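Kindly produce the complete structure, drawing on both the sequences and the hints.
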Amino acid sequence: MVKLRLDNVTKRFGRTVAVSGMSVEVEHGELFTFLGPSGCGKSTTLRLIAGFELPDEGKIFFDDEDVTLKKPYERGTAMVFQNYALWPHMTVYDNIAYGLKLRKLPKNEIKRKVKEALEMVKLPGYEDRYPTQLSGGEQQRVALARALVVEPKILLLDEPLSNLDAKLRLEMREEIRRLQRELGVTTIYVTHDQEEAMSISDRIAVMNKGRLMQVGTPHEIYYKPRNIFVASFIGRSTVLQGRVLRIEEDVAEVLVGNLRLRGIVMGDEAMRPGGEAMIVIRPEFFEKEAPREPYNTIKGRVALSMFMGVFNQVRIEDGGVGLTAYLEPEDTPPLGSELTLYIPINKVYVYAASQALLPYKTGM
Amino acid sequence: MARHEGLGRLTRLRYELDAFTLIEIIFPVFMLTLFLLLPVLSTFEAATKYRLSNLLGESYWNPWNPTGQGVRLIKGAGYTRIVVEGWNYGVILNSVINAAVVTLAASILGIIVAFVLARYEFPAKTLLRVMAIVPLLVTPFVNAYVIKKIFGPTFGTNTLSWFLHDILHLPIYIEVRNLAGVTLTQIITFYPIIYLNMFSALLNIDPNLEEQAENLGARGFKLFRTVTLPLALPGLAAGAALVFIFSLEDVGAPIIFGFRDILSYRIFAYFIGLSAGSKSPEVGALALVMLLIALTVFVGIRQYVSLRQYAMISKGGRWKPRITKPGWKGLLAIYLVVFPIVLFTMLPQLGVITLSLSERWGTSPLPQGFTLSNFAGIIHRSGVFRGIENSFTYSTLAVSIIILVSISVSYVVSRLRIPGMTALDTLATMPIAIPGLVVAYGYFFFFRGIARGTILDPLRDPAIPIILAYSMRRLPFAARSIFAGFSQVHEALDEAAMNLGATRRKVLSSILLPMLLLNIASGTLLSFVYCMGETSVSVTLGGLGGDVGTPNHRGPITMVIYDLISNPRANSIQLAAALGVILMSLQITAIVLITLVFKQSYAFIGV
Ligand SMILES: Nc1ncnc2c1ncn2[C@@H]1O[C@H](COP(=O)(O)OP(=O)(O)O)[C@@H](O)[C@H]1O
Ligand SMILES: [Mg+2]
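Top line first, the protein sequences correspond to chains A and B. If you read the first sequence in the working numbering, its first letter stands for residue 15, the second for the next number, and so on. If you read the second sequence in the working numbering, its first letter stands for residue 465, the second for the next number, and so on.
Bear in mind the hints are in silico, worked out from the structure with no lab data behind them. In this text, all values refer to a predicted model and were calculated from it rather than measured experimentally. Treat the hints with caution; some may be incorrect.
Unchecked claim - No farther apart than 27 Å at their CA atoms in a straight line, the calculated lysine-lysine pairs in the BS3-like style are these:
id	chain 1	residue 1	chain 2	residue 2
1	B	Lys970	A	Lys84
2	A	Lys121	B	Lys970
3	A	Lys115	A	Lys129
4	B	Lys789	A	Lys125
5	A	Lys115	A	Lys125
Claimed, not checked - Distance windows between CB atoms, simulated:
id	chain 1	residue 1	chain 2	residue 2	range
6	B	Leu1057	A	Phe27	39 to 47 Å
7	B	Arg593	A	Lys118	51 to 59 Å
8	A	Arg26	B	Thr918	49 to 57 Å
9	A	Phe325	B	Gly884	58 to 66 Å
10	A	Ser149	B	Leu591	40 to 48 Å
11	B	Phe491	A	Glu41	29 to 37 Å
12	B	Arg881	A	Arg195	51 to 59 Å
13	A	Ser149	B	Leu568	53 to 61 Å
14	A	Lys136	B	Gly884	28 to 36 Å
Cβ coordinates follow ideal geometry from the N, Cα and C atoms, glycine included.
The following block contains the structure:
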């Protein structure tokens, strides 16, 4: 169990900059997640930590030891690959025992540890099977056991759940979290699934195009997105573009279409009246009753209404602007009807448009 | 943003290299350089010992007044004798023209058979498929001998004339001789290479492409010419280039037909003359010319095929192939044209088998008498069994080298991120483009020069040079099959092991090799039978190790076959045929094991 530090790490593939000047610190025993869209450099970051790739610039430290030039087999990390990478010509036992044999442990100790590991991942008695005889979920557990059994300094998980079906995914997610807590192993988790990242992580690093967009607890990432990318990547927000009318302290009034919205100024970029701004509104922040804190009122027609089970998703149009909002599941206003919704000012995020960086996706 | 101190190239290189990877790189580079590149390149030096302008002398270069009479019709009393012998344009042009004609004719034959088998469904198709495999079986010299007995000049009437005249009562005798005989033999022998390449190319064409063209109105031959053929062109070009080289370096047909005005024969004759102490300074120049012709062909069609495509024909089948039922005209064509063609090309193998079971084939049109004694003769005849033993030893050792080099090259190219390593792959595939006779001559010249009197000196003892030459010549086939295996193993499997503490050497021995066991086994078998049937090096260097009629000679099996045929003694021809049958059995065993037991999809290409 070690502390991990990346110091200004850059990795290029030809002209692609897969990881760009990344600096980050991961604490002892922390479960730290790299979250970002596909191709943003998450796997590359993980592979740099494991030593499968050499950075073009920067350094990597395990505790205070510079491991940048250490070979993968000298680093003591253990990775769970997206496709599990179980060796098909070995039994489950041999797969899990592999790392222990390399460490020259006595035979009966290997046996004991493999047994324990299989119990830990809830596959007791699976020793003699071959990987092809296992289901996807079982393979996943074996891969996890194989990595954990060597008591790695750092556990690396590259989208470990992406090949599982939805139900199994939830189950394994909890399992991984439980094991990680129990063993207290420093863990780097990679996923493109924001919900997965939110639920499992101590801290999250949101990445885009090889860069860190924000590092923080799930709570911080959700409630204090530092830039438009993070704000729009997390959740299913509506992203609007408008012009700043006036600014008072940290509240800006923005004209979007014919709609005036007030929100709090986010991000690092200075904002001035007359400038372009981007607004991010999360659908779950709308309220039916006027809240106590200062708020915006949206009065419009229902253009779309979709029952989603735990909530009812509506699209409301006001002043030529469409906004997505979640209502209580039993609240199903008919199409075309008038609807009034409220949203607190401090839950409307306003960013200077120069910071927009190309939002990953805009709200529907 | 300011650039930070980046990692240098050297650091990067050091990261990939350790003692093990260094050996994995140095070993194949050393082998390929010392035992392939340098000997072959030494032909350049050898050529300087000869005044190259002499190559323009009439016997070598005679483009304007060819001798020979092409095709002659001789009227006799109530019959016509057709004598086909071709023309003689001098040694160099003969080689080129012959190889070109062989390639063209083999391509036409190969395309037809491949197309019929790949695209049509008809009764007895399986039979045709099996029949089409037969011509692939290699029986050096004996196949040419059988063809000469059937079509060529003989003391009596050849089998074809007997068939036409005595059976069909046509007033015709036909005799194919000289260069025409060589050409005919090579067409029959080498067309399966085109057939196989074309067949796998056709299976690998996305059927949607053809269907789309059909929707746009292309049909029949137009569809074939405008869509199918261009898509299959890389496969076809690869096959055609191979056939060209094989034809260029083939010594069997010229020896059997006694046609000496061709490069291969001249180079071969140099080695025969060596024991008689003859001096032929031109041979170095001829070897160089042969090398340059071969390289020209490969460079010329480079745009269609990459070198590595030659050595591997996967039997393909990513797609569900487009198979149609031919109409009655098509069926007629298949049964009346394609079946007879394939049957015709099986004649040498059928002839060899028959001959091996016969008492004699003298002046009669067909072999006569039945006996199994020829196989017993293999054991009793002086020097014959020794040849088999030698071949087994040479091939086994050569295969060991082949497998080691193949594994190293495949590992280095597929796993190490060091620039320039793909050149190693190219180098390992290059022997395909180098005629065996050039390798043989290169070995002789180079190792006589730098290692005279050592174990590498072929005149002192050809065993080691033969083994090394075999290993280089047959390397590409195993290397391709093993390389394909390495590329199919996901690199995450290596990484998972390294990640858990395995060094690269350990990854190779505990993950990759066990996983690739079947690829390696197939590569081993394939290169073994290719070595057993090797001709060019065998009959040149192989003849330097004592008279193969004596018990302790160094010649391999093909050298013995050559000797039995060209220095006839009692039953020696039948004995040669029996040896041919043994080679065929080995090849069939290998094919069966590879396809049925190892379930590998690499097609056997006779070579
Ligand atoms: N070995 C490689 N060679 C070339 N480009 C690569 C390689 N690995 C990754 N890339 C590129 O680097 C970028 C980041 O890839 P990756 O780290 O795999 O993203 P992610 O895991 O976030 O989906 C992508 O543009 C990808 O195409
Ligand atoms: Mg990835």
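Structure-based check of all given hints:
no.	hint	result
1	Lys970/B / Lys84/A	holds, 17 Å
2	Lys121/A / Lys970/B	holds, 19 Å
3	Lys115/A / Lys129/A	holds, 15 Å
4	Lys789/B / Lys125/A	violated, 61 Å
5	Lys115/A / Lys125/A	holds, 10 Å
6	Leu1057/B / Phe27/A: 39 to 47 Å	holds, 42 Å
7	Arg593/B / Lys118/A: 51 to 59 Å	holds, 54 Å
8	Arg26/A / Thr918/B: 49 to 57 Å	holds, 51 Å
9	Phe325/A / Gly884/B: 58 to 66 Å	holds, 59 Å
10	Ser149/A / Leu591/B: 40 to 48 Å	holds, 45 Å
11	Phe491/B / Glu41/A: 29 to 37 Å	violated, 47 Å
12	Arg881/B / Arg195/A: 51 to 59 Å	violated, 37 Å
13	Ser149/A / Leu568/B: 53 to 61 Å	holds, 57 Å
14	Lys136/A / Gly884/B: 28 to 36 Å	violated, 49 Å
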